[in-house]
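Asks: Sequence:
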Amino acid sequence: HLVDIWNVIEALRENALNNLDPSIELNVARLEAVISTIFYQLNKRMPTTHQINVEQSISLLLNFLLAAFDPEGHGKISVFAVKMALATLCGGKIMDKLRYIFSMISDSSGVMVYGKYDLFLREVLKLPTAVFEGPSFGYTEQSAKSCFSQQVSYV
1 HLVDIWNVIE ALRENALNNL DPSIELNVAR LEAVISTIFY QLNKRMPTTH
51 QINVEQSISL LLNFLLAAFD PEGHGKISVF AVKMALATLC GGKIMDKLRY
101 IFSMISDSSG VMVYGKYDLF LREVLKLPTA VFEGPSFGYT EQSAKSCFSQ
151 QVSYV
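Under full-length UniProt numbering, the first residue of the sequence shown carries the number 1, and numbering increases by one thereafter.
Read the hints as simulated data drawn from the structure, not as lab findings.
Don't take every hint at face value.
[What the hints assert, rightly or not] No more than 25 Å apart at the CA atoms, straight line, and that leaves these computed lysine to aspartate or glutamate pairs for DMTMM-like:
| no. | residue 1 | residue 2 |
| --- | --- | --- |
| 1 | Lys-44 | Glu-55 |
| 2 | Lys-76 | Asp-118 |
| 3 | Lys-116 | Glu-25 |
| 4 | Lys-76 | Glu-25 |
| 5 | Lys-116 | Glu-133 |
| 6 | Lys-116 | Asp-4 |
| 7 | Lys-116 | Asp-70 |
| 8 | Lys-97 | Asp-118 |
| 9 | Lys-116 | Asp-96 |
| 10 | Lys-116 | Glu-72 |
| 11 | Lys-76 | Asp-21 |
| 12 | Lys-93 | Glu-14 |
| 13 | Lys-97 | Glu-10 |
| 14 | Lys-44 | Glu-14 |
| 15 | Lys-44 | Asp-4 |
| 16 | Lys-116 | Glu-10 |
| 17 | Lys-93 | Glu-10 |
| 18 | Lys-76 | Glu-14 |
| 19 | Lys-44 | Glu-32 |
Taking the hints into account, I'd like the entire structure generated from these sequences.
Replies: Listed below in structure tokens is the structure:
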């Protein structure tokens with residue numbers, strides 16, 4: 001994993017996605033710009049003997065994200081889906097990634113918002129579905145509820 005969460009966050013900032021409303025939809029050109037930033041910055045950090053094929057990497061990730069999050073071919077993906085997918089797919093310390101994701105699904109006082117968590121599950125589980133693992137890891141209406149089921153015990 002050559003791209004970590006901090007590289008992703010920096011690319012999102014450089015493309016002014018850090019403060020955008022998560023429900024705003026990005027067109028393919030804007031998504032490609034974000035992905036391009038990630039891979040061009042990666043090549044700047046890599047020694048010349050370890051350079052990646054930037055154009056191929058951009059194309060592969062762009063097409064994967066479009067297949068996962070825009071299967072109908074509308075040419076738009078929400079800012080939330082982009083941030084969540086890149087944070088999930090990148091490398092880095094798991095705690096850093098989880099903190100970043102939690103910041104997307106919590107309110108300003110640090111309390112997780114159930115609706116945002118449900119949206120997170122709905123979106124993140126599109127990733128395994130895109131590689132034909134939907135039956136094993138796909139989203140169901142009970143996904144979020146099962147994580148926070150209320151069990152009342154009578155004493």
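Asks: Hint by hint, note whether the structure agrees.
Replies: Comparing the hints with the structure gives:
no. : hint                 : result
1   : Lys-44 with Glu-55   : holds (14 Å)
2   : Lys-76 with Asp-118  : holds (21 Å)
3   : Lys-116 with Glu-25  : holds (16 Å)
4   : Lys-76 with Glu-25   : holds (6 Å)
5   : Lys-116 with Glu-133 : holds (23 Å)
6   : Lys-116 with Asp-4   : holds (24 Å)
7   : Lys-116 with Asp-70  : holds (20 Å)
8   : Lys-97 with Asp-118  : holds (18 Å)
9   : Lys-116 with Asp-96  : holds (19 Å)
10  : Lys-116 with Glu-72  : holds (23 Å)
11  : Lys-76 with Asp-21   : holds (15 Å)
12  : Lys-93 with Glu-14   : holds (22 Å)
13  : Lys-97 with Glu-10   : holds (14 Å)
14  : Lys-44 with Glu-14   : holds (15 Å)
15  : Lys-44 with Asp-4    : holds (15 Å)
16  : Lys-116 with Glu-10  : holds (23 Å)
17  : Lys-93 with Glu-10   : holds (16 Å)
18  : Lys-76 with Glu-14   : holds (20 Å)
19  : Lys-44 with Glu-32   : holds (18 Å)
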